[in-house]
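A.B. asks: Please model the entire structure based on the sequences and the hints provided.
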Amino acid sequence: MNQLTPAEPVVVARDLVVDYLAAHGPVRALDGVDLAVDAGETVGVVGESGSGKSTLGAALGRLLPSRAERRHGSMHVAGHSVFDLAPQPLRQLRRDQLGFVFQDPIGALDPTMRVGAQVRRALRGRQPSPRRSTRDAVAALLDQVRLRDPARVARAYPHQLSGGMAQRVALAMAMAVQPRVLVADEPTAALDSQVRDEVLDTILALTRAAGTTVLWLSHDLNAVARRCARVVVMYGGRVVEDGPAHAVLARPAHPYTHALASSAPSHARPGERLTPIPGRPPLLAGPAPGCAFAERCRFVVDRCATERPPLARVNGQAVLCHRAEELRSTAALPLPARPTDIPAEIGGGR
Amino acid sequence: MKRLDWLSRCGLICLMVLVAAAVAGWFGLAGDPAAIDGDRLRPPGAAAWLGTDDLGRSLLPRLLEGIGATLLLSSLAVLVTAVVSTALGIVAGYVGGAVNEAVLRLVEVLYAFPSIVLAILVAAVVGPGRPAAMAAIVLVTIPLMTRLVRAAAATVASRDYITSAVVSGVGMPTMLVRHVLPNVGGTIAVQGTYALSIGILVEGGLSFLGLGVQPPQASLGVLIAQGGIYMVAAPWLVIAPGVVLVLAILSINVLGDGLRDRLEPREARSLT
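Chains as they are written, first to last, in the working numbering: chain V, 1 to 350; chain Y, 1 to 272.
Please note that a few of the clues may not be correct.
With the Cβ distance kept under 7 Å, some of the chain V side facing chain Y (calculated, not the full set) [said to hold, decoys possible]: (1) Gly61; (2) Leu63; (3) Ser66; (4) Leu90; (5) Arg94; (6) Phe100; (7) Gly107; (8) Ala108; (9) Leu109; (10) Asp110; (11) Thr112; (12) Arg114; (13) Ala122; (14) Phe299; (15) Arg313.
Sample of chain Y residues with no beta-carbon within 12 Å of chain V, all distances over it, derived [unchecked claim]: (16) Arg3; (17) Phe27; (18) Pro33; (19) Gly38; (20) Leu139; (21) Arg159; (22) Val170; (23) Arg178; (24) Val238; (25) Leu250.
In case anyone wonders, no lab produced these hints; they're calculated from the structure.
For every residue, glycine included, the Cβ atom is placed at its ideal position computed from N, Cα and C.
C.D. replies: Structure, rendered in structure tokens:
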């Protein structure tokens with residue numbers, strides 16, 4: 001549950017810096033990400049659009065678009081340094097250890113191929129049990145993600161499925177080989193709210209059964225905190241807060257996490273105004289000189305703009321903030337509403 | 001699946017009529033295109049439906065032979081274009097990087113020449129005749145089609161299902177053939193029809209200039225060139241092949257529009 005344990009973490013990012021090469025110069029997407037995730041953990045990665053969470057997810061499988069460039073740092077998955085792997089081992093690593101679920105479920109399926117054929121291809125080289133035929137294996141996979149009529153779904157083309165069904169199919173394909181790490185990039189953002197919970201339940205139940213580590217990228221702090229044991233908050237291409245979900249939500253140690261939690265509708269009482277975060281997220285061209293959140297922070301002091309904050313430990317959380325200790329002791333970051341409605345045991349920890 | 005709209009269906013029917021006419025001419029149903037009837041420059045009438053030319057040959061069998069030659073030549077050339085452009089475009093669009101740049105630059109060099117200049121250049125190198133006409137059509141249509149297939153493939157390459165396939169360990173050849181090719185198939189079909197109409201135009205132009213199909217063999221370009229001489233005395237000699245040329249190009253373009261609407265649907269699907 002904590003950040004570093006003696007057992008080797010399955011995902012380790014060390015000072016990872018990634019730039020996107022745009023026409024007017026580079027844009028920094030990851031500005032020194034440090035992250036270690038243990039096997040079997042369910043980690044919610046929270047951040048606004050542009051915080052770098054999707055880039056982090058893509059970096060995990062070295063799936064960055066060609067205009068993205070790793071400047072330095074490393075990413076290890078299951079003991080392999082993904083940026084140093086030769087093509088063949090990289091292919092093997094992706095095939096055997098990684099699964100991805102994307103935001104747009106229809107777009108994640110090939111429109112020219114029947115669902116069954118796609119699932120079969122995802123299974124290729126892997127048979128859950130040698131006794132069963134491939135057709136049964138496909139049906140079993142589709143059944144596993146709680147699709148009601150697997151045989152009919154297998155015959156359908158992607159555009160004939162609803163978003164929820166398509167996302168379940170995508171999940172079945174991602175989990176077909178029981179990968180060690182599943183990256184779910186806003187898996188429910190494009191779904192109806194009533195389907196959302198079902199799909200999330202399916203994702204978490206499946207991954208728990210397979211012992212798969214989950215990185216769930218989301219912008220919804222509360223939804224993530226409700227289901228994950230651990231929450232990682234990203235801002236400006238860095239991990240600004242990292243700790244147990246209930247602690248992060250109940251006692252945010254970083255001003256940004258606090259602001260994020262306060263701006264969530266679920267924390268407001270009826271009639272109460274939400275507290276927006278002033279300003280916009282930064283668009284970095286190079287390394288941020290100080291804290292990326294300095295411009296929007298209520299607690300900003302002079303050195304926030306000039307000095308990169310070092311890692312501080314506050315309560316159970318790892319925080320990138322110069323004033324973390326100070327803010328905790330003065331209780332400057334209380335939450336406006338009832339943060340204790342999240343039982344600590346809910347989440348992905350096994 | 002939407003059906004073709006009425007306009008494209010007219011185009012399809014018109015094209016089929018032309019093909020049928022060419023086949024009929026092939027089997028000599030309208031008579032021997034080389035046979036000399038006697039009277040020269042006779043106006044259209046009961047004996048020769050479309051009149052006769054300056055050597056006394058009936059125009060109708062000559063026209064049917066011309067339609068066949070033009071359509072066959074252009075179709076073969078476009079087939080070659082389709083294969084080459086698809087291969088180049090898919091690889092460039094999917095792989096990107098230096099390969100993409102190389103293909104684009106190569107194609108841009110071809111694109112920089114006006115098509116008729118390029119065609120004349122080819123005819124000068126290969127020597128006038130059917131091979132020259134075909135090579136010219138291929139070289140003129142390749143740049144356009146390669147660029148469009150490349151663009152379509154590049155769009156497909158950034159789709160999530162390609163990323164999913166990469167994650168599941170699909171190799172490059174399988175990826176190109178099973179995932180990229182089917183998803184750019186619509187673009188290839190649509191651009192193929194447009195390339196066909198360009199091909200007919202190029203053949204017409206080259207043969208008109210005397211660099212393509214050589215008389216006494218007929219093609220639409222040859223007929224227009226020969227008829228043009230007697231524009232005043234025997235206008236039917238240029239009007240009939242001219243109308244057929246316009247009809248062929250028009251019907252193919254209209255058919256292409258219909259195919260485009262049907263095969264390249266907008267990304268406007270409901271997500272839920």
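A.B. asks: All hints are to be evaluated individually against the structure, with a verdict given for each.
C.D. replies: Status of the hints after comparison with the structure:
| no. | hint | verdict |
| --- | --- | --- |
| 1 | Gly61 | 6 Å, holds |
| 2 | Leu63 | 6 Å, holds |
| 3 | Ser66 | 5 Å, holds |
| 4 | Leu90 | 10 Å, violated |
| 5 | Arg94 | 5 Å, holds |
| 6 | Phe100 | 5 Å, holds |
| 7 | Gly107 | 5 Å, holds |
| 8 | Ala108 | 4 Å, holds |
| 9 | Leu109 | 6 Å, holds |
| 10 | Asp110 | 4 Å, holds |
| 11 | Thr112 | 4 Å, holds |
| 12 | Arg114 | 12 Å, violated |
| 13 | Ala122 | 5 Å, holds |
| 14 | Phe299 | 39 Å, violated |
| 15 | Arg313 | 35 Å, violated |
| 16 | Arg3 | 18 Å, holds |
| 17 | Phe27 | 40 Å, holds |
| 18 | Pro33 | 45 Å, holds |
| 19 | Gly38 | 60 Å, holds |
| 20 | Leu139 | 30 Å, holds |
| 21 | Arg159 | 6 Å, violated |
| 22 | Val170 | 7 Å, violated |
| 23 | Arg178 | 8 Å, violated |
| 24 | Val238 | 47 Å, holds |
| 25 | Leu250 | 31 Å, holds |
Going down the numbered hints, you'll see the structure goes against 4, 12, 14, 15, 21, 22 and 23, while the others check out.
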